[in-house]
Amino acid sequence: MYIGLGSNLGDRAGYIQSAVALLREKGVSVLKQSTIIETDPVGGPPQSKFLNAVVKVETQLSPLELLGQCQAIEQKLGRARTVVNGPRTIDLDILLYDRFTIDTPQLRIPHPRMFERAFVLDPLKEIESDLLETFFDARHKIR
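Residue numbering for the sequence shown is 1 to 143, as defined by the numbering used here.
It is worth saying that the hints were derived from the structure and are not from the lab. Take these hints with a grain of salt, some might be off.
Unchecked claim - Label pairs and their calculated CB-CB ranges:
id: 1; residue 1: Lys49; residue 2: Glu126; range: 14 to 20 Å
id: 2; residue 1: Glu58; residue 2: Ser129; range: 16 to 22 Å
id: 3; residue 1: Gly43; residue 2: Ala13; range: 31 to 37 Å
id: 4; residue 1: Thr82; residue 2: Glu126; range: 28 to 34 Å
id: 5; residue 1: Asp130; residue 2: Pro45; range: 21 to 27 Å
id: 6; residue 1: Val84; residue 2: Ser129; range: 19 to 25 Å
id: 7; residue 1: Asp130; residue 2: Glu58; range: 14 to 20 Å
id: 8; residue 1: Lys32; residue 2: Phe100; range: 17 to 23 Å
Unchecked claim - Lysine-lysine pairs mimicking DSSO-like chemistry, simulated, CA-CA at most 30 Å apart:
id: 9; residue 1: Lys49; residue 2: Lys32
id: 10; residue 1: Lys76; residue 2: Lys26
id: 11; residue 1: Lys56; residue 2: Lys32
id: 12; residue 1: Lys76; residue 2: Lys56
id: 13; residue 1: Lys125; residue 2: Lys32
id: 14; residue 1: Lys76; residue 2: Lys32
id: 15; residue 1: Lys56; residue 2: Lys125
Values in this document were obtained by computation on a predicted structure and should not be read as measured data. Just so it is clear, CB atoms sit at the ideal spot from N, CA and C, and this is done for glycine as well.
Please take these sequences and the hints and turn them into a complete structure.
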């Protein structure tokens with residue numbers, strides 16, 4: 001399981017570190033963490049650069065329970081959802097959850113835009129260099 005983290009408001013690195021610590025408090029084991037990288041925003045209104053990272057995690061939580069925990073962490077760290085794709089203190093996205101494919105109004109796994117985003121793919125490749133080749137075929141379908 002992999003979660004993408006991003007922040008472009010306030011103490012960006014601090015928000016990412018706090019989110020990782022809060023994941024651990026919520027019963028999520030963080031097995032690996034990528035380097036934190038600075039990236040330009042993609043989509044949305046004009047805004048500041050992001051810091052981004054990816055963590056590999058293990059949990060007994062279901063995908064929807066994990067989503068609930070991620071949203072609770074975002075709320076605790078002051079995320080305000082006032083503008084779609086707008087600036088945020090912290091963003092946690094479930095990128096992959098084992099080999100599950102989920103497509104509901106609340107949650108889509110694999111994350112629907114992860115293949116368009118170097119700020120997700122580069123950190124993901126850093127912590128699991130062969131994951132994308134072994135996990136997906138050329139059309140981004142789960143094997």
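Against the structure, the hints come out as follows:
no.: 1; hint: Lys49 - Glu126: 14 to 20 Å; in the structure: 19 Å, holds
no.: 2; hint: Glu58 - Ser129: 16 to 22 Å; in the structure: 19 Å, holds
no.: 3; hint: Gly43 - Ala13: 31 to 37 Å; in the structure: 23 Å, violated
no.: 4; hint: Thr82 - Glu126: 28 to 34 Å; in the structure: 32 Å, holds
no.: 5; hint: Asp130 - Pro45: 21 to 27 Å; in the structure: 37 Å, violated
no.: 6; hint: Val84 - Ser129: 19 to 25 Å; in the structure: 33 Å, violated
no.: 7; hint: Asp130 - Glu58: 14 to 20 Å; in the structure: 19 Å, holds
no.: 8; hint: Lys32 - Phe100: 17 to 23 Å; in the structure: 20 Å, holds
no.: 9; hint: Lys49 - Lys32; in the structure: 24 Å, holds
no.: 10; hint: Lys76 - Lys26; in the structure: 13 Å, holds
no.: 11; hint: Lys56 - Lys32; in the structure: 5 Å, holds
no.: 12; hint: Lys76 - Lys56; in the structure: 22 Å, holds
no.: 13; hint: Lys125 - Lys32; in the structure: 12 Å, holds
no.: 14; hint: Lys76 - Lys32; in the structure: 23 Å, holds
no.: 15; hint: Lys56 - Lys125; in the structure: 11 Å, holds
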